[in-house]
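Trainee: Sequence:
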Amino acid sequence: MSDLIPREVLSFPSMRNLMRDFFSDPFFRDHGLAADEGNLALDVSEGKEGEVIVRASMPGFKREDIQLHLHNGVLSIKAESKEEKEVKEEKFYRKERRWGSVSRSVALPGNLDEGSVKAELKDGVLVVRIKPSPSAQPKRIEIK
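End of the sequence shown sits at 200 in my numbering; the numbers just go up one at a time, nothing left out.
Derived from the structure by calculation, the hints contain no laboratory data.
A few of these clues could be false.
[To be verified] Think about it this way: if two alpha-carbon atoms lie no more than 35 angstroms apart in a straight line, the pair counts; the simulated DSBU-like pairs of lysine-lysine are:
| id | residue 1 | residue 2 |
| --- | --- | --- |
| 1 | Lys-178 | Lys-134 |
| 2 | Lys-195 | Lys-104 |
| 3 | Lys-134 | Lys-118 |
| 4 | Lys-151 | Lys-178 |
| 5 | Lys-134 | Lys-187 |
| 6 | Lys-187 | Lys-138 |
| 7 | Lys-118 | Lys-178 |
| 8 | Lys-178 | Lys-147 |
| 9 | Lys-118 | Lys-147 |
| 10 | Lys-104 | Lys-187 |
| 11 | Lys-174 | Lys-138 |
| 12 | Lys-195 | Lys-174 |
| 13 | Lys-138 | Lys-151 |
| 14 | Lys-118 | Lys-138 |
| 15 | Lys-134 | Lys-151 |
| 16 | Lys-174 | Lys-118 |
| 17 | Lys-118 | Lys-151 |
| 18 | Lys-200 | Lys-187 |
| 19 | Lys-147 | Lys-134 |
| 20 | Lys-187 | Lys-118 |
| 21 | Lys-134 | Lys-174 |
| 22 | Lys-174 | Lys-187 |
[As the list claims (entries may be wrong)] Label-pair restraints from in silico Cβ distances:
| id | residue 1 | residue 2 | range |
| --- | --- | --- | --- |
| 23 | Phe-78 | Val-181 | 33 to 39 angstroms |
| 24 | Arg-72 | Val-100 | 29 to 35 angstroms |
| 25 | Asp-99 | Tyr-149 | 33 to 39 angstroms |
| 26 | Ile-199 | Pro-165 | 26 to 32 angstroms |
| 27 | Ser-172 | Arg-76 | 44 to 50 angstroms |
| 28 | Lys-151 | Arg-72 | 38 to 44 angstroms |
| 29 | Ser-159 | Ile-199 | 44 to 50 angstroms |
| 30 | Met-75 | Glu-145 | 49 to 55 angstroms |
| 31 | Ser-113 | Lys-174 | 16 to 22 angstroms |
| 32 | Ile-197 | Trp-155 | 54 to 60 angstroms |
| 33 | Lys-151 | Ser-113 | 17 to 23 angstroms |
| 34 | Arg-76 | Val-130 | 31 to 37 angstroms |
Where a beta carbon is used, it is the ideal one built from N, C-alpha and C, also for glycine.
Build the full structure now, drawing on both the sequences and the hints.
Mentor: Take a look at the structure:
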């Protein structure tokens, strides 16, 4: 029965393995440079008492460069940095720092109290905290 399938076919890697190996190449990996692509890398978590915590990586941005909006449970973060005036006397060997704008909108879980938003920028990380809406608390329903 083993003579029905040629050995060469058995030794050939499956298409799934070929694709996995191809896309695991360093060229296709995410290097955490989302901000360079015009997007913000962020984490969304739940803190004490159900508050939603959003942390966004924003290195190099100042408070006045950032705009935050929360509307109908969607948090929008936009930031723009302007290029510093280039010193004409300097000869650059390498110029990698980027200037421009980044933005991200994310739908947040649950009913949130839009009046309770607090935001802080520290060490290049924007932390936004939003408390749950008082009406979002679970109610006991009596069965009749």
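Trainee: Compare the structure with the hints numbered earlier in the document and write down the numbers of the violated ones, lowest to highest.
Mentor: Of the numbered hints given earlier, the structure breaks none, since each of them holds.
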